[in-house]
Each structure stands twice: as structure tokens, then as C-alpha cells.
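With the hints as extra help, turn the sequences into a complete structure.
The listed protein sequences derive, respectively, from chains A and B. Residues in the first sequence are numbered from 19 upward in steps of one, following the numbering used here. Residues in the second sequence are numbered from 19 upward in steps of one, following the numbering used here.
Simulated from the structure, these hints should not be mistaken for laboratory data. All clues given are correct.
No copy is singled out in the list; a pair is fine if it fits within one copy or between any two copies.
Taking lysine-lysine pairs in the DSSO-like style, the calculated list, with each CA pair at most 30 Å apart, reads: (1) K277 / K291; (2) K284 / K153; (3) K267 / K153; (4) K219 / K235; (5) K291 / K235; (6) K235 / K267; (7) K267 / K291; (8) K344 / K185; (9) K291 / K153.
There are 2 protein chains.
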Amino acid sequence: MRIAVDAMGGDSGVGTVAAGVARFLRENSEDVEVVLVGDEERIRRELAAYGSLGPRLAVEHASEEIQMEEHGAAASRRKRDSSIARGLQLHKQGKADAFVSAGNTSAVVAASLLVLGRLPGVRRPAIAAFVPNEKDGFVLLDIGATKDCRPTDLVQFAHMGAVYAEKILGRENPRVGLLNIGEEATKGNDLTREAFPLLEKSRLRFTGNVEAVGMFKGEVDVAVCDGFVGNVVLKFAEGLVAMILGFLKEEIARHPTAKIGAALLKPTLSHLKDQLSYEQYGGAPLLGIDGVCIISHGRSSSLAIANAVRTASRFVRYDISREIAKRTRAYDEVAVE
Amino acid sequence: MRIAVDAMGGDSGVGTVAAGVARFLRENSEDVEVVLVGDEERIRRELAAYGSLGPRLAVEHASEEIQMEEHGAAASRRKRDSSIARGLQLHKQGKADAFVSAGNTSAVVAASLLVLGRLPGVRRPAIAAFVPNEKDGFVLLDIGATKDCRPTDLVQFAHMGAVYAEKILGRENPRVGLLNIGEEATKGNDLTREAFPLLEKSRLRFTGNVEAVGMFKGEVDVAVCDGFVGNVVLKFAEGLVAMILGFLKEEIARHPTAKIGAALLKPTLSHLKDQLSYEQYGGAPLLGIDGVCIISHGRSSSLAIANAVRTASRFVRYDISREIAKRTRAYDEVAVE
Numbered sequence: 019m020r021i022a023v024d025a026m027g028g029d030s031g032v033g034t035v036a037a038g039v040a041r042f043l044r045e046n047s048e049d050v051e052v053v054l055v056g057d058e059e060r061i062r063r064e065l066a067a068y069g070s071l072g073p074r075l076a077v078e079h080a081s082e083e084i085q086m087e088e089h090g091a092a093a094s095r096r097k098r099d100s101s102i103a104r105g106l107q108l109h110k111q112g113k114a115d116a117f118v119s120a121g122n123t124s125a126v127v128a129a130s131l132l133v134l135g136r137l138p139g140v141r142r143p144a145i146a147a148f149v150p151n152e153k154d155g156f157v158l159l160d161i162g163a164t165k166d167c168r169p170t171d172l173v174q175f176a177h178m179g180a181v182y183a184e185k186i187l188g189r190e191n192p193r194v195g196l197l198n199i200g201e202e203a204t205k206g207n208d209l210t211r212e213a214f215p216l217l218e219k220s221r222l223r224f225t226g227n228v229e230a231v232g233m234f235k236g237e238v239d240v241a242v243c244d245g246f247v248g249n250v251v252l253k254f255a256e257g258l259v260a261m262i263l264g265f266l267k268e269e270i271a272r273h274p275t276a277k278i279g280a281a282l283l284k285p286t287l288s289h290l291k292d293q294l295s296y297e298q299y300g301g302a303p304l305l306g307i308d309g310v311c312i313i314s315h316g317r318s319s320s321l322a323i324a325n326a327v328r329t330a331s332r333f334v335r336y337d338i339s340r341e342i343a344k345r346t347r348a349y350d351e352v353a354v355e
Numbered sequence: 019m020r021i022a023v024d025a026m027g028g029d030s031g032v033g034t035v036a037a038g039v040a041r042f043l044r045e046n047s048e049d050v051e052v053v054l055v056g057d058e059e060r061i062r063r064e065l066a067a068y069g070s071l072g073p074r075l076a077v078e079h080a081s082e083e084i085q086m087e088e089h090g091a092a093a094s095r096r097k098r099d100s101s102i103a104r105g106l107q108l109h110k111q112g113k114a115d116a117f118v119s120a121g122n123t124s125a126v127v128a129a130s131l132l133v134l135g136r137l138p139g140v141r142r143p144a145i146a147a148f149v150p151n152e153k154d155g156f157v158l159l160d161i162g163a164t165k166d167c168r169p170t171d172l173v174q175f176a177h178m179g180a181v182y183a184e185k186i187l188g189r190e191n192p193r194v195g196l197l198n199i200g201e202e203a204t205k206g207n208d209l210t211r212e213a214f215p216l217l218e219k220s221r222l223r224f225t226g227n228v229e230a231v232g233m234f235k236g237e238v239d240v241a242v243c244d245g246f247v248g249n250v251v252l253k254f255a256e257g258l259v260a261m262i263l264g265f266l267k268e269e270i271a272r273h274p275t276a277k278i279g280a281a282l283l284k285p286t287l288s289h290l291k292d293q294l295s296y297e298q299y300g301g302a303p304l305l306g307i308d309g310v311c312i313i314s315h316g317r318s319s320s321l322a323i324a325n326a327v328r329t330a331s332r333f334v335r336y337d338i339s340r341e342i343a344k345r346t347r348a349y350d351e352v353a354v355e
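Structure representation (C-alpha cells):
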């Protein structure tokens with residue numbers, strides 16, 4: 019198996035991606051090869067620090083680079099030889115089995131649609147995040163690929179999320195909830211009210227509306243929402259956690275006793291930080307496209323990159339795309355409006 | 019000035035509301051009277067614990083009660099003598115200057131529209147929350163009154179939020195942001211993309227799209243979004259904070275050193291909890307209606323109730339509704355589609 023990795027993606031540059039890939043290759047003795055895609059000279063320079071990484075690593079040159087702040091769709095149409103486009107082409111041509119990028123998310127989504135296309139029967143793709151909670155965590159989707167959804171899109175997302183939960187997380191007959199602001203079927207906005215009966219009719223194990231508190235208590239394995247809502251809540255949570263940690267740090271620095279307390283609490287706090295950190299969860303799959311594409315956080319560390327490559331290998335191994343295609347085809351009566 | 023308070027509202031019953039009102043009356047020597055609305059017998063029984071609260075407290079009997087889990091709009095049409103309807107009628111008749119409830123939010127919104135009506139020129143009401151951040155906090159609206167919004171609704175919300183920020187929080191020429199998933203004008207969903215140019219044309223100090231991180235850093239005084247998004251993010255944040263605190267508690271109980279650390283950190287943690295707690299911020303005003311209605315959290319403690327009554331008195335004092343009516347009238351060209 020061979021995973022193409024966007025070397026130019028992410029806020030912290032080629033060095034971090036190279037470090038992540040080196041880490042993955044060292045820690046995983048499996049039969050997974052990596053091809054780093056991007057500015058070959060810069061990649062080779064960064065790789066020099068790691069000595070020989072063996073025959074499992076290759077480099078593929080791409081002459082262009084899409085910046086984080088560029089308009090994703092426009093840039094992916096204009097820059098035909100970007101690391102993103104080139105990596106996806108390797109996948110399309112069968113020279114790679116998956117693509118991983120910590121780059122401009124909307125460029126990755128647009129280029130994936132352009133190069134790989136959608137699975138038959140799928141109207142819109144979705145990005146699925148694994149979110150930790152009091153139990154074993156759950157899948158939240160869409161977190162940003164499709165900002166304006168039709169009710170049937172949410173049903174397709176639910177099927178995709180269920181495949182993820184079942185095949186990757188090992189949840190048998192996963193419970194699917196509709197992210198909402200109340201438990202009754204009549205609650206919510208037009209979108210959720212129309213999606214509710216469609217989800218009830220689906221062959222999924224639909225457990226009804228789920229509120230945030232229920233998600234954190236572990237009431238569902240999959241929660242569906244439109245990509246605007248999913249993106250906003252995740253970023254809100256991120257901002258809040260950052261604020262809480264910053265506030266704690268400041269308060270602790272101010273009080274000598276608190277400083278001792280914090281030192282004693284350090285293992286606990288760092289365990290908490292690990293639990294909440296996206297780094298551990300290794301990237302979010304873009305589901306509904308004809309291939310495997312894993313999107314890693316723009317602020318990915320080398321650990322996050324290594325975990326994203328591992329996630330990609332598992333999506334290839336369990337043939338998630340084919341499973342999604344099977345289900346969306348089987349249930350495509352729902353998808354026809 | 020006289021504030022009508024729904025005695026039957028909130029998850030923890032008449033006792034908590036009575037305690038909150040007693041607390042308010044004791045701590046505030048100002049010229050504010052309170053009338054508790056609901057089951058007179060139960061109210062008097064609960065009030066007995068507080069001895070004489072003087073002539074500033076009255077009780078108004080209401081024979082019905084709307085439960086937290088009832089369908090708000092239906093219940094408020096059916097139960098004409100609920101504590102909510104009766105309290106709002108007192109306000110409408112001029113026998114009270116404001117109404118405060120920790121009851122069923124959608125019932126309070128529906129009854130307010132029914133009894134008080136909207137301000138001239140306002141199409142939809144919005145509930146505004148004060149949210150703490152790294153600076154002085156900001157106003158987020160709508161957090162649940164209007165789940166499906168038109169672009170012009172967001173413009174009206176922005177005006178209402180600006181009045182709140184200016185008159186109540188003392189922010190001169192408040193900065194208004196559009197809650198979004200990216201900073202560029204082209205980011206977001208159909209609603210935010212259409213609202214953006216309208217906000218630019220408005221006479222508000224519109225600072226563009228704002229992401230969660232920016233809100234927590236203090237980049238805006240007011241952030242606008244539709245009521246579905248606002249409600250989901252607040253509940254998500256609440257669920258997350260509860261999970262973090264629960265996790266910390268569990269970990270601390272497990273490790274003796276951590277236990278000592280936690281004891282030393284206690285003042286810091288309780289200060290943090292205070293900073294984040296809605297109790298401190300005293301209820302969220304329902305804006306755009308012809309009157310003053312403050313909605314308190316369903317899980318309100320007596321402190322939260324006392325602060326909600328204080329908030330109501332400030333909204334009356336600064337005549338916020340008239341100020342909103344003035345501005346939405348002045349800018350009603352925007353409100354016409």
C-alpha cells in the first residue's frame with residue numbers, strides 16, 4: 019500500500035510533514051509506503067535530518083503550492099501542478115492508494131471532487147471528525163465540506179458516518195443521531211425537521227435528535243449536521259479550550275501555591291490535553307469521494323501527520339469507499355428528491 | 019420600577035426562584051419591586067423561609083404552569099393562565115416593567131410575541147447571550163429564538179446586539195462581527211454570504227466575519243448568527259466544559275498527588291468556574307419585542323435568578339426597547355426584502 023502525503027500542507031511547513039512521515043515509517047513496520055509530494059529540493063533538504071528512511075519513502079515533485087489563505091476552489095482550478103493536485107492524481111492513476119493533506123481544506127475538497135469525483139449516488143461529500151467524549155468518542159460530520167445541505171444530504175452523511183463508526187471504530191450497528199437543539203422531532207430548523215422523518219425511514223439505527231450534552235455523554239456513535247454547523251461548533255470548542263488553558267496558566271503563574279498545585283497536577287493535565295487533542299485522532303476523512311483522502315488539521319504537529327497517515331492506511335485496508343458506495347447505492351431511493 | 023418574575027420556571031422549582039428573588043431584594047436597596055407570578059400557595063410556602071421581605075415583594079396568582087418539556091408555542095396558546103402568560107400580561111398592562119423567566123424558552127418566546135408583540139420594523143426576535151472571553155466578553159445573538167433566518171434578520175440582530183453592547187456593557191461604537199467559518203467575505207453558507215454585504219452597507223461598525231478564535235480573543239463586541247447555530251454552539255461549549263471538569267475530577271480522585279495539587283489549585287479553579295458560569299451573567303434578553311423579557315437558564319441557581327432580575331432592571335432603566343425601535347426604524351430600508 020502506498021500513501022501520497024502533501025509535503026507543502028499545514029501551517030508549520032515542509033519540516034513538520036517530513037518529521038511526521040519519518041515518525042510514521044519508523045513506528046510502523048507494516049507494508050505501507052509513503053510518497054511525499056511537493057517541492058523536491060525542500061523535501062530532500064528536510065529529510066536529510068532523518069538519515070536513510072529506506073525504500074518505503076519516495077518523493078514526487080510538484081511545482082506549485084496552494085497557500086492556506088487562498089480561495090480553495092479557485093486555486094485548485096488554477097494551480098494544476100500544486101502538491102494537492104499532483105498527490106490526488108497519483109491516487110487517481112493508482113500510483114497511490116490514498117492522499118493525506120494538512121493544507122487548505124477547501125482546496126483539498128475542491129481538488130478531490132475535480133480529480134477523484136464523487137462516488138455513484140452521492141450528491142455531496144462530508145468531512146468526518148472523531149470527537150472524544152466521556153465514553154469512546156463519536157463521529158461528527160459534516161465538519162466543513164458542504165455548508166448548505168439538503169435533508170437527503172444529511173441522510174447520506176449518516177450512512178457514511180455509520181460505515182466509519184462500524185469499520186474503523188468497531189461499533190456494531192452504530193447509533194446515529196441528528197445534531198439538534200432539542201430532543202423532540204419538531205425541534206430545530208427547517209433542515210433538521212425535514213431530515214428527521216427521512217432518517218427514521220432509513221435502515222440506519224437512528225436514535226433521534228441528539229443535543230451536545232448527549233453527544234458528550236456517549237449517547238450516539240455518529241452525529242450528523244450540515245458543514246457550517248459542524249465547523250462552527252468544532253472551532254468554538256477549540257477556542258474555548260484554548261481560552262480555559264490560557265486562563266489557568268495565567269492564574270497559576272500569579273499564585274505561588276497554585277504553582278505547586280499545578281506541578282502536582284501536571285500528569286493529570288497533560289493526560290487531559292492528550293484526550294482532547296486532535297493530534298491523537300489523526301486527521302478527518304473526506305467521505306463520499308471516489309478514493310481515500312484524509313484531511314489533517316492546519317496546525318498539525320508531526321504526531322498528527324503520522325497519525326493521519328495511519329488513518330489513511332486503515333481506510334484503504336477496510337475499503338471504506340467501496341462500502342459507502344454499496345450503501346448509498348442500496349439506499350439511494352432516499353437520495354432522490 | 020417593578021419586575022414580574024415567573025415563580026414556576028426553571029428545573030429546580032419554586033424554591034430556587036423564591037430564594038433568588040429574596041437574594042435580589044436583600045442585596046439591592048434600589049427602588050426595584052418584584053412580583054412573583056405563579057401558584058400563590060406554593061410561593062407563600064417557599065417565601066416563609068425568608069421572613070419579611072418588605073413591601074417590595076408581591077405575589078400574583080396564576081392557575082397554570084408550562085412544563086419544560088412541553089411544546090412551547092402550543093402550550094402558550096393553550097394555557098392562557100400560565101405563570102408565563104400572566105407575567106407577560108402584567109407587563110403589557112403596565113403593572114410590571116419587565117418579565118423574567120427561567121422556564122420553557124420557546125414558550126416564553128411564543129408568549130412574548132403573542133402578548134407583547136414585536137417592535138415596529140422588527141421581523142424576528144433574537145435572544146442575546148453575554149459570553150465571557152479573554153477580554154471583557156461579547157454579545158452573541160441569536161441563541162435560539164429564530165432558527166431559520168433571512169439575511170436581513172441578521173442585520174436586525176446586529177443592530178439589537180449593538181444597542182445591548184453600547185447601553186448595557188458601555189462599549190462605545192461596538193464592533194460587530196458575523197459568526198463564520200472563515201474570514202473572507204466569500205466564506206460560509208448562503209445565509210452568511212448574503213448577509214455580509216448587507217452588514218457592510220449598514221451604518222454599524224461591521225468588522226467582517228469572525229471565527230470562534232477571534233471571538234474568544236476579544237475581536238468583537240457583538241457576534242451575530244442564526245438561532246440554530248447560536249444555540250448549538252453554546253450547548254456544545256457547555257457540554258464540553260462539563261466533560262472537562264468531570265474528567266479532571268475523576269483523574270484527581272485517582273491520584274493522591276493530584277489530589278493535593280487540586281486542593282492547592284482550588285481558588286484558581288473556582289475563579290475559572292465563576293468566569294465561565296452563566297450564573298454570573300444574569301439571563302439573556304429577548305430582543306425585538308415590545309417590552310423587556312429576560313430569559314434565564316433552565317438550570318438557574320438562586321444567584322442566576324437574582325442576577326437576571328438585576329439585568330431586567332438595567333434593561334428597563336436604559337430603555338433598551340425604545341432604543342432598538344429607533345434604530346430598526348431608522349434602518350428599516352435594510353429590513354425590506
